[in-house]
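Q: Each protein sequence line maps, in turn, to chains A and B. The opening position of the first sequence corresponds to residue 1 in the numbering used here, with each subsequent residue numbered one higher. The opening position of the second sequence corresponds to residue 1 in the numbering used here, with each subsequent residue numbered one higher.
The reader is advised that the hints may include incorrect statements.
One copy or two, either will do: identical chains are not told apart, so a pair holds if it fits within one copy or between any two.
Stated by the list, open to error - Derived EDC-like pairs: lysine to aspartate or glutamate, alpha-carbon spacing no greater than 20 Å straight-line:
1. Lys-204 to Glu-193
2. Lys-150 to Glu-93
3. Lys-67 to Glu-136
4. Lys-7 to Glu-19
5. Lys-23 to Asp-153
6. Lys-69 to Glu-136
7. Lys-23 to Glu-242
8. Lys-219 to Glu-93
Everything labelled a hint here was simulated from the structure, so no lab data went into it.
Number of protein chains: 2
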Amino acid sequence: MRGILIKGNREKAEHFIREVKGKEPIFLCVIGSSEVGKIPGISAAGKNPEFTDYTPPADVELLLYGKCKCISGIPVTPEGIPTPAIITMSALELANIPVFIVNGGVRVKPHVPFIDLGGTHGDDIRKGSAVANVEEVIERARLVGKMFAKSSDYLVIGESMPGGTTTALAVMLAMGVDAVGKVSSSMPSNPHELKLKVVNEGMKAINIRFGDLKNDPIKALSHLGDPMLTAFSGLILGAGEEVPILMAGGTQMAAILAVVKAMNDKVLRNLYLGTTRWIVQDRTSDLLGIVRQIHDLGILVANLNFSPSKYEGLRVYEKGFVKEGVGAGGAAIAAILKSRGKITPKVLFERIERNYERLIGI
Amino acid sequence: MRGILIKGNREKAEHFIREVKGKEPIFLCVIGSSEVGKIPGISAAGKNPEFTDYTPPADVELLLYGKCKCISGIPVTPEGIPTPAIITMSALELANIPVFIVNGGVRVKPHVPFIDLGGTHGDDIRKGSAVANVEEVIERARLVGKMFAKSSDYLVIGESMPGGTTTALAVMLAMGVDAVGKVSSSMPSNPHELKLKVVNEGMKAINIRFGDLKNDPIKALSHLGDPMLTAFSGLILGAGEEVPILMAGGTQMAAILAVVKAMNDKVLRNLYLGTTRWIVQDRTSDLLGIVRQIHDLGILVANLNFSPSKYEGLRVYEKGFVKEGVGAGGAAIAAILKSRGKITPKVLFERIERNYERLIGI
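Next up, chain A with everything else stripped away, as it sits in the complex:
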């Protein structure tokens, strides 16, 4: 299919394309926030660390209203580069794909309707403390997943979770997935050492080593995870036996994959990964190398190209800024597939550029 590159297991990815082409997906965006996002240097999802609490609600306000409510303007990195939610919003809008927000646990509630799972803002994993009520949140997310599986042909699930690659790294190391130096970052200079330092402090705080929690994903999420990973895993556990799911994101998806594999490997056959070319071409991370350790997944890659943009804020995506987030790659893929290719990467790009102009006020 034009505009979609294939990685990972080619046969599975092509099967997914055949199966869902022209069908009706529902897009879910899982949000969470945590104290990890506020460790200086960890996250670029917000113009400064304290601001990261506002990024997930602002992202989903953008998806539902086409503008933010809890902040003026839109979320940007410290360099002023706009949130990938612009991509997601443009894709969902063009393909008329319904979107629901699932709140895994945030400090700042979005000014839009959201599905509440009783989850709370995540703690600082350096203390060995992350998510208060993992089992309860997973149980509720499972029910939500089950209901959405009955209401759609397939699901596309994205996320907004500042600091999320660090908690993903922590969960993966605890569960025996070698992701050191391999998780992605919204910054081109990926702060691997800082992330690993944070993770090591957390593992030390609960006295575990690499792989010790291989069969205890609940403990891994409770002490080293985040609200998004928790809720996202629950959604997959609830829906994954019934319908195909396109996990829309970068290396955080691998942590979710490890969790759900440990909890119910029957869902694996329905899972696919949807991401952006900027992620798979990134030399500072290794999505494919992580995923391969967990499961032989079909991976679909949205072949977006921002180099023709009139705007520096979009052109820099080609230089490795931002790269992915808020399910941008998966939403683009879903728009292409739902329209049977009528929505091309070029059509997407033009809409993204128009939305960018409107939102930045050019």
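Got chain A sorted already, so can you dock chain B onto it with the hints?
A: Below, chain B alone, put in the same frame as chain A:
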């Protein structure tokens, strides 16, 4: 269609049946609570007035989990008669219809996932104070309705709102619908005088008379309504231009009809009412007489019959106890229609009786 009686506009009701037979609905249950539910003698949705705060969360826990979590047992009237949520749960279960909970504003949050609209528990309308942020809740509910309209062939919307017929009466009188002595009750001895006294106090508190708010539904809801009426109206405003909606309930539905008619009469062509035989046969209320004043609606009536039941708690439905609630009638109709009549009232009754046995612990 066997098991469904028709009232109101026959042609429209038959059109609905033809249009949605075999199709895939989504069931939404809107919950709310208020201080009105706690006025002694107003509501039988709870074994005592203070308990009414627990009835909506317990009802929706039953729908999603098949058992209550926030209380032991299930909601009952002061006489010990079980909640109509048993009917709804049985119908949705049999027909495999997805259900989502929409929280209009409750004091006690359910232990299940729910869609949050930023609404709060309703006040006491005797003070002329009811819902804090009507416009915000309607706006968010509208978005939710829009998304569900994209995800399903049609919607069935029910409610759990103790004291709800009193606030419905208040909104209708404020908006010029003569509902005096005509709203329903979960008690066979309908406390019309008490309800009217409460409503009159509220109208006096804000210095209005019958019909003064005919064109101001926002004000009617703010001062005399409840969180359920508010959220339910918003859902219809969001979905009603796109898909058919079966409003599942009794006389409260008429208040919603008046509100949405005043806000956007284009949705009326997609609205239908689904209720129970116990409501339309009730001599203490007059659903058809109220609805007729607002719009010539197609009305579908679930012809359930509990007289063969082994259990007194179900047989008394035939004597006018409970009658309707939690979208029981509409859920039964949706189950019959989705199954193209394979699920008959008898099949429903048998499942209801089995669930009753399990829940009451017989």
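Q: With reference to the structure, classify each hint as holding or not holding.
A: Hint check:
For the homomeric pair Lys-204 and Glu-193, the shortest alpha-carbon distance inside one copy (16 Å) is at most 20 Å, but the shortest distance between copies (68 Å) is not. Taking identical chains as interchangeable, the C-alpha atoms of Lys-150 and Glu-93 lie at most 20 Å apart only when they sit on different chains, with a minimum of 12 Å there against 23 Å within one chain. In this assembly of identical chains, Lys-67 and Glu-136 lie within 20 Å of each other by CA distance solely across copies; the values are 16 Å between and 32 Å within a copy. Taking identical chains as interchangeable, the C-alpha atoms of Lys-7 and Glu-19 lie at most 20 Å apart only when both belong to the same chain, with a minimum of 17 Å there against 43 Å between chains.
Taking the shortest alpha-carbon separations for Lys-23 and Asp-153, both the intra-copy value of 6 Å and the inter-copy value of 14 Å come in at or below 20 Å. Taking identical chains as interchangeable, the C-alpha atoms of Lys-69 and Glu-136 lie at most 20 Å apart only when they sit on different chains, with a minimum of 12 Å there against 30 Å within one chain. Proximity of Lys-23 to Glu-242 under the C-alpha cut-off of 20 Å is found in both arrangements, the shortest distances being 15 Å within a copy and 19 Å between copies. In this assembly of identical chains, the alpha carbons of Lys-219 and Glu-93 never lie at most 20 Å apart, being 39 Å within a copy and 33 Å across copies at closest.
Against the hints set out earlier in the document, a violation occurs for number 8 only.
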